[in-house]
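Undergrad: Chains as they are written, first to last, in my numbering: chain C, 1 to 94; chain D, 1 to 300; chain W, 1 to 166.
No lab work stands behind these hints, which were simulated from the structure alone.
Treat each hint with caution, since some may be false.
As the list claims (entries may be wrong) - No farther apart than 16 Å at their CA atoms in a straight line, the calculated lysine to aspartate or glutamate pairs in the EDC-like style are these:
1. D/Lys78 - W/Glu42
2. W/Lys37 - D/Asp95
3. W/Lys37 - D/Glu92
4. W/Lys38 - D/Glu291
5. D/Lys76 - W/Glu46
6. D/Lys76 - W/Glu44
7. D/Lys78 - W/Glu46
8. W/Lys34 - D/Asp229
9. D/Lys78 - W/Glu50
10. W/Lys29 - D/Asp272
11. W/Lys38 - D/Glu183
12. W/Lys38 - D/Asp95
13. W/Lys29 - D/Asp95
14. W/Lys37 - D/Glu88
15. W/Lys29 - D/Glu88
16. W/Lys34 - D/Glu92
17. D/Lys76 - W/Glu42
18. W/Lys34 - D/Asp95
19. W/Lys71 - W/Glu81
20. D/Lys78 - W/Glu44
21. W/Lys113 - W/Glu103
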Amino acid sequence: MLELAIGIILGGCALGAGCAMIAGIGPGIGEGNAVAAACEAIGRQPECQSTVTTTMLMGCAVAETTGLYALVIAILLLFVAPGRFVNILINAIG
Amino acid sequence: MSIVFLILSVLPIIAGILIKVLFVPAADGIDITGAHVFFTIDLPLGGLPITEAQVNSWLVILSIMFFCLFLTHGLKTKNISNKQVIVEFLVEKVDGLIKANMGEYFMGFAPFIAAILSLSALSSLMSLFGLFPPTSDINIVGGWAILVFILITYYKMKCGPLIYAKSFGDPVPFLAPLNIISEVATPISMAFRHYGNVLSGSIISMLIAVALANLSNLVFGWIPGFVGDIPFFRMGIPAVLSIYFDLFSGCLQAFIFAMLTMLYVAGGFPQDEYMRRKAARKAAREKASAESVAADAAEA
Amino acid sequence: MNNLDIISVNIWQIALSLINLVILFLILKKLLFKPVKKIIAEREKEIMAEYDKASATNAEAEELKASWEEKMSGAQARADEIIQDAVDKADRRNEVMLYETREKAEAIIKKAKADADRDLRDAQESIRQEIISVSTALSEKIIGREINMDDHRDLIDSFIDNMGDE
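All chains should be modelled from the sequences, with the hints used to inform the complete structure.
TA: This is the structure:
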């Protein structure tokens, strides 16, 4: 019984981590848009290349934040949560 | 003399490698954990664990300090050496960054921004030496982000706490909770951005290294003797990833952290209002002193 | 001897890293920015001093040049003046000499004329005297008697006068 419960916990954590990483879509699309716009801007005004590149990198890094939140959640679910949950379960069973 | 400082600035890195070799047990397989705890100082609220991340960040600070001594040793006004050209270029660069992003008023921030840049970049680059990068510990970057938050709040309050409090109910008063949340989210997002980037880089590097080791075991495992155990694929290929995850991402995150610090601090400071108030205060003080002088003259 | 969890928030660690950043800020301020700023300011001052010196020297040189030019142009004017003086003097002297020469020549001519006149008159006088004496002797012989000199003188004189005039 305990093995089953632990298995469910581990499986749930892994599933949750996988689901959390769906959030990676958002930053991907957003950064793609940002880079496309930056390319356009550089094509239109090649003399602004360095400024556009710097600003684009800044914006990409900020846009990446949501993806990183998801990543942190996924890491928590993969590496921290199972141990905690199993401990809680064992304590509850006694 | 300056060569001594140069050696001293390299020494902390070597010391870090030695500490890692001597005191940190070797990891086997995939174990993604936080920093190794050397010992814990008993304090309330959970005690203070002295971890690899802390030690490495001290080593980075020591290294930077000796490197500064090396750079600024024997500065001259004429016939300057290449070293002095470099150090002056660095200082002017940071000053230019401050001037472009924050304005003349914040010129005192230059050493702070230089500190963030150097500490963050070098901490991330520690992973090049196989050391634990302090920036992949949330406590380290969290501390920096909280310091930045304190600075932001200080400069927002510079015009008086009342204006600061009023700014929360800015468009409509019932949005105040959201404003407070966005205010608090600033340091958290800064910390998690930096931490997540560095950590994800190291996790992906580790996963790929393990995968490559398994792959090489699969491909070359049939070779008898110890040759089959050598993970050939782990040679060279992870270095390419390391260029992105350690060098590029580390430096970029350092730059972004510094940039966001500058933008938040300068953006939150109502400079026009502050200058107006300062001028008004100064005028009032001058008026008062002129009045007192006039009163003295009248008495005389 | 264990590892921390991958995310473990500890307030003391956060405070420690905050203090670390402040310490690094102070280190950079004292050890990097202050000396470099100082040396840059010093060099700027030195360069400004050099500039000041250079501009002072330049001004001095300009002044010298101007004074020399003035002197040169003065010398030129003076030379012109001297030449003009000399030319004037020579001209004047030339004129004077010419004038004197002309006068002298005129005087010589006049004297020569006077001499010639006097010679002529002397010759006329002597011829007349001779004619008188000859005519007197002739008439005495012809007439044979003593002519009253006083009576005939007038006659003869008028005759000779007429002759001399012709």
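Undergrad: Can you give the numbers of the hints that this structure goes against, from lowest to highest?
TA: Those not satisfied are hints 4, 8, 10, 11.
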